[in-house]
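Residue numbers (my numbering), protein chains in the order written: chain A, 263 to 801; chain B, 84 to 194.
Please note that the accuracy of each hint is not assured.
[To be verified] Which residues of chain B face chain A? A partial, calculated answer using Cβ under 7 Å:
hint : residue
1    : L105
2    : V107
3    : G127
4    : I130
5    : Y131
6    : A133
7    : H156
8    : I161
9    : G176
Read the hints as simulated data drawn from the structure, not as lab findings.
Beta carbons are placed, not taken as given, at the ideal position from N, Cα and C, and that holds for glycine.
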Amino acid sequence: MEIPYIVNPRKDTGLINSKIAIWLFLASEVMLFGGFFSAYVYLRLGADYPWPERTLPVLPGLINTFILIGSSVTVVFAWVALKLGNWRQFQIYMGITVACAAIFMVLKGLEYNVKFKHQAARLHDYTIVEGHLGYQKDDKKEYVFDRHGKKIEENMIRVVAEKVTVSVKRFHAPWVNEMLSEAKHNGSEIKLAADIKAITEEGGKEVTLAKAGEPLSLDLLGKIQEVQIAALKHNAALRTAALRMEWKETKKANPGKKGWQLSSDVNIDVDALSPRLLTEVSNVEFKVDPPTRFLFKPRDIKEGATSSRLRDDTVIAGVMEASPMVFHNLDAIDFQWLVMRAKERGADPDTAIANSWLMKNSEFVREAWAWHLAENVKKQDELNRRFGFKEDGKTPKETLTHKELYRIGWKELGLMGVDTKQVKIGGVDKIKEEFMGPNYKARGSETYPELSVPREEIRHAAKFTPAWNTYYAVYFTITGLHGLHVIGGALVLLYYLVFGRKMFLSNPEWLANRVEVGGLFWHFVDLVWIFAFPIFYLM
Amino acid sequence: MADSIEAIQKAKKTYLLVFGALLVGTVLTVLVATVPALDIGGHGFDIYDAILGLLIASTKATLVAAIFMHLNHEKKLIYWVFFGSIFFFFAMGALFALAESSPIFDYNFYK
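Next comes chain A alone, as it looks inside the complex:
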């Protein structure tokens, strides 16, 4: 089939069809990204926590901006080369464009990777600590490995399980397997605590589905689940039918009355119905013999002192052992939110900071805070020199920002290391830092020390992912979606580069038009980044 108006313009529009199509698509893209950018503004204005402004390392964003701008030029040069009938030049420019896209995505990947490995935790007093988590070590200070041969992150919830009650409807098979293999590894068994009996046929007798002592297995749970689902289906049908009948009769007995006037009179005769119902086995209890320790990721469990619940509604009865979150390298101490809360309730910020768990329990934090206060005095003096005082001659015209006053970020801790402990690092390490954030290896534990936070002090914890706060949520949404556009655009341009030769020989104008349309999309991707860069990195 011949596609109309792809080389010569249509008379009424004066345009080739593909161009109108791409502009219509770009218009929809404006709305898509516009929606997300509006969401960003809305989330930022409505944030009930100190917005993490200027928080990302600028260098990767800046380099990526250069790369995208550069690729915008090369894609337009590739189109020019086609217009001039120069295939070789087209190949070079288009090749550079696609390479730029690849570099952009690699840098983005590195940036994301750093975020995914960076831990943050908000304590109950609204102090925030950030850093890099450590791995469990034994007495000889060597890493402990789990049965999969992996290092154990010191962010696990440890429960000595005595009983495990599995939700028949919701159990998550991989977790069941994990518990089974962990129990086996520890020389323990998980066995059924009591017989499971159920009526599986209407009017039938109770049968034993499984006997006490039977080991936990997915087959066993599957069998019980089947019975449970059948029972739920059967019972629901019976109840619905009974309810319908009851409605019918109530309506007949009260002619002319509306449904809402009758609803309180509609009751199912439970006694009549119950002999016909099948047994619903919603939970099955297992004994862990002997009790053994299970490790859970914090996101999978709502932990308690003697009873914890997994996300699949499995209840683990047993004592929770000390499960601190250990920052192998602490790289930021943030009192911004704590101060915000203190001011909200009319309390003195300095007292609130002095009473915080961190200040009371960490010698390093106390040192860092004292150093930070002294630095702030110097910074304020500098501001006074630059901007002067108000008319009263005492009040400074400009004061330090909330962030400067109450956050000790990784850069400040780095400066403190240089200042107080003479920790100096080389130029390459410094550049690396500008790119990837705190350089723990180069600066060592003197600058970024270890900190163990008891689990009960933690209110919310996450890596720097959308789970941490709305800033990261909208950052990942927009940059992720933008990244997908980069990949999509690059694939189309790569297609022209690899498979365009035949069309170049047979119909060069058509290929030029195709490249122009692909190029328009590419420029749009650049446009989005032109706004995303200052908004996420500089504001």
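On the provided structure of chain A, position chain B as indicated by the hints.
Here is chain B on its own, set in the frame of chain A:
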């Protein structure tokens, strides 16, 4: 759009100039955000910095749209489509702004 070879050659120079301008604009955005001496408005990030940052970004975007995307000499239909979407984008922003200023969000309103 440039069709003759001469016009295309001439356009290439413009593209390079725009490239330079975009690089300068990018560096400028970073400088005004990171160098204290170039910080406009009060100390630290404030509304003036936001306006300046977005102004530079908008200028860069206009250059890309006008020169690279050839919007400086495009057919009417394209203007309707693209600027129509820009209009609706601002309309959407206005809806958010109106929602923000609604008394529902004003806690003092109920006091």
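- Message: Hint validation: I130 (chain B) versus chain A, beta carbon distance must be below 7 Å. Holds or violated?
- Response: Violated: closest Cβ of chain A sits about 11 Å from I130 (chain B), beyond 7 Å.
- Holds or violated: is there a CB of chain A closer than 7 Å to the CB of I161 (chain B)? 5 Å, holds
- Interface hint outcome for A133 (chain B) [beta carbon to chain A under 7 Å]: This hint holds: A133 (chain B) lies near chain A, its Cβ roughly 6 Å from the closest one there, short of 7 Å.
- Holds or violated: is there a CB of chain A closer than 7 Å to the CB of V107 (chain B)? 11 Å, violated
- Message: Interface hint check: G176 (chain B), Cβ to nearest Cβ on chain A, cutoff 7 Å. Holds or violated?
- Response: Holds. Min distance 5 Å.
- Was the hint right that H156 (chain B) lines chain A, CB cutoff 7 Å? 12 Å, violated
- Message: Hint L105 (chain B) vs chain A: min CB-CB distance below 7 Å?
- Response: Given a least distance of 5 Å, the restraint on L105 (chain B) holds.
- Item | Hint status (Cβ of G127 (chain B) to nearest Cβ of chain A, threshold 7 Å) | At 4 Å from the nearest chain A Cβ, G127 (chain B) passes the 7 Å test, so the hint holds.
- Message: Hint Y131 (chain B) vs chain A: min CB-CB distance below 7 Å?
- Response: 12 Å, violated
Taken one by one, the earlier hints fail for this structure at numbers 2, 4, 5, 7, listed in ascending order.
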